[in-house]
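Going line by line, the protein sequences match chains A and B.
Just so it is clear: in the first sequence, position 66 is 66 by the working numbering, and no numbers are missing.
To convert, count from 1 in the second sequence and add 284; that's the working numbering.
Because the hints were derived from the structure by calculation, they are not lab data.
Careful: at least some of the hints might be erroneous.
Some chain A residues close to chain B (C-beta under 10 Å, calculated; not the full set) [claimed, not checked]: (1) Ser17; (2) Gly28; (3) Lys258.
Cβ coordinates follow ideal geometry from the N, Cα and C atoms, glycine included.
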Amino acid sequence: MENNQHINTFDAMLKQSLEGSQMPVPAGVWEAVGSSIGTKAIVATKIAGLKLLILKTLAGIVLAGGAGFGIYELVKTNTNETVKIDQPIIVNQSSPLEMAIDTVFPAQISESDNTVTRKFVLNEDSMITYSKTETSGAKESENSNFDNNVPKATEVAVPKPLIETKAPEKQVEPNKVAEPTKEAPKTEPIVTPAFPEPPNVFTPDGDGINDCFKIEVENEKMFFLQIFSSEGKKVFETTDKNNCWNGVNMNTGELCKKGLYTYKLLYELNTGFKKKESRWLTLL
Amino acid sequence: MSQPEERNILLIKGCLAQNPKSQKALFDTFAPTMYAICYRYAKNSDQAKDLLQEGFIKVYTKLGEFKFEGSFEGWLKRIFINHALEYIRKEIRQPDMVNVEDSHELSSTTIQFHELDTQKIMAQIQKLPTGYRTVINLFIIEGYSHKEIAEMLGISESTSKTQLHKGRHMLQKMLNNNF
Numbered sequence: 001m002e003n004n005q006h007i008n009t010f011d012a013m014l015k016q017s018l019e020g021s022q023m024p025v026p027a028g029v030w031e032a033v034g035s036s037i038g039t040k041a042i043v044a045t046k047i048a049g050l051k052l053l054i055l056k057t058l059a060g061i062v063l064a065g066g067a068g069f070g071i072y073e074l075v076k077t078n079t080n081e082t083v084k085i086d087q088p089i090i091v092n093q094s095s096p097l098e099m100a101i102d103t104v105f106p107a108q109i110s111e112s113d114n115t116v117t118r119k120f121v122l123n124e125d126s127m128i129t130y131s132k133t134e135t136s137g138a139k140e141s142e143n144s145n146f147d148n149n150v151p152k153a154t155e156v157a158v159p160k161p162l163i164e165t166k167a168p169e170k171q172v173e174p175n176k177v178a179e180p181t182k183e184a185p186k187t188e189p190i191v192t193p194a195f196p197e198p199p200n201v202f203t204p205d206g207d208g209i210n211d212c213f214k215i216e217v218e219n220e221k222m223f224f225l226q227i228f229s230s231e232g233k234k235v236f237e238t239t240d241k242n243n244c245w246n247g248v249n250m251n252t253g254e255l256c257k258k259g260l261y262t263y264k265l266l267y268e269l270n271t272g273f274k275k276k277e278s279r280w281l282t283l284l
Numbered sequence: 285m286s287q288p289e290e291r292n293i294l295l296i297k298g299c300l301a302q303n304p305k306s307q308k309a310l311f312d313t314f315a316p317t318m319y320a321i322c323y324r325y326a327k328n329s330d331q332a333k334d335l336l337q338e339g340f341i342k343v344y345t346k347l348g349e350f351k352f353e354g355s356f357e358g359w360l361k362r363i364f365i366n367h368a369l370e371y372i373r374k375e376i377r378q379p380d381m382v383n384v385e386d387s388h389e390l391s392s393t394t395i396q397f398h399e400l401d402t403q404k405i406m407a408q409i410q411k412l413p414t415g416y417r418t419v420i421n422l423f424i425i426e427g428y429s430h431k432e433i434a435e436m437l438g439i440s441e442s443t444s445k446t447q448l449h450k451g452r453h454m455l456q457k458m459l460n461n462n463f
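So here's chain A without its partners, still in its complex pose (with noise of 0.2 Å):
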């Protein structure tokens, strides 16, 4: 029939021109999605001559602080040396693939003015140790017995290839990790815990993976988080770490559209320390 053969035909040469065909990218695509993937978790990359490993997860919870701008220090336990970096890191999700060398811990992060100081503990024996900044001076514990003799976050010391300084039969000692939040100094009121940083992506399409957002933290005596959509009408409210929020409008029972979302933190840990936080949130 000739119909349908003007129709195969039609049909066959439509998928040849369209099959696999290309197109220019617009501008600012990649930008978009590159700071939409690199804040959402924690990371190794190379910075001055010192490679950053990579936070594993701990009983499901990642022990970080978000990537962000701010200043960077690196202290190497044995030697105390200490190397400030400048420039922003991106922390991302732990790699299995590169989970080997030195472990970097973004242990505490301080806050003063507008400035973020952020310090990692790296040990050349691969364990984990978490340091206070300089300037909670007095107080020790067993992890950080180096730091009084921490240098100033204004003074550099050497950058250095600490991977090839590591020994390799040492092994990471997962234990040693358990203790930071319990060990923040109730005295030192500008140092915070280490606080897990909650993926800012999320899909609730039942796939297993980002499909309910959740805070994930320990030790609190007070938890109280809201989730507010870009009009400003909350979505969600919990003063329960264990609920998670899975997209639901939580006043009329309607999985709310894609889109940017605020949601706001307040907690109290046992060791009297409180933060109160927004942050974007992307429902995709």
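Based on the hints, put chain B in the right spot on chain A.
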């Protein structure tokens, strides 16, 4: 294993290791093809750009689910198509879509496709109503059956057939008038 697939595997592993260079390389490798897909499913360039951007965020989020079986590009393509369909599903269930009069007449002139430029066809496809455009894409280009399309879009099989028929007719007319 083909060379491009081997290269893809390296890229994927780099991305899983959160290596920024791999992440960028993955984007650079596939964005032009994925953009062309988004473009022919979208109703305009702005929507195409949104689909591309959100699709890639999904890709990096879901990369760990890729099983290293089969074509990576095919896997990517499905993510982008599914993402586009999420947008489209809402629009496509409008009741007026089903209400299409029969038109069995196909254009009598056969179009010389080889002379046509892909981007011009794309531009015409974007002008089609969402239902026509989506079914043409899924049936003619992607090769899904009407049954599969009906399930994907939550419409009936006969609606899918009518939409295709009507859409094909309209597209032929548009291409005849514009080339």
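So, going through the hints one by one against the coordinates:
1. Ser17: holds (5 Å)
2. Gly28: Nearest chain B Cβ about 8 Å off; hint holds.
3. Lys258: With a closest approach of 7 Å, the Lys258(A) hint holds.
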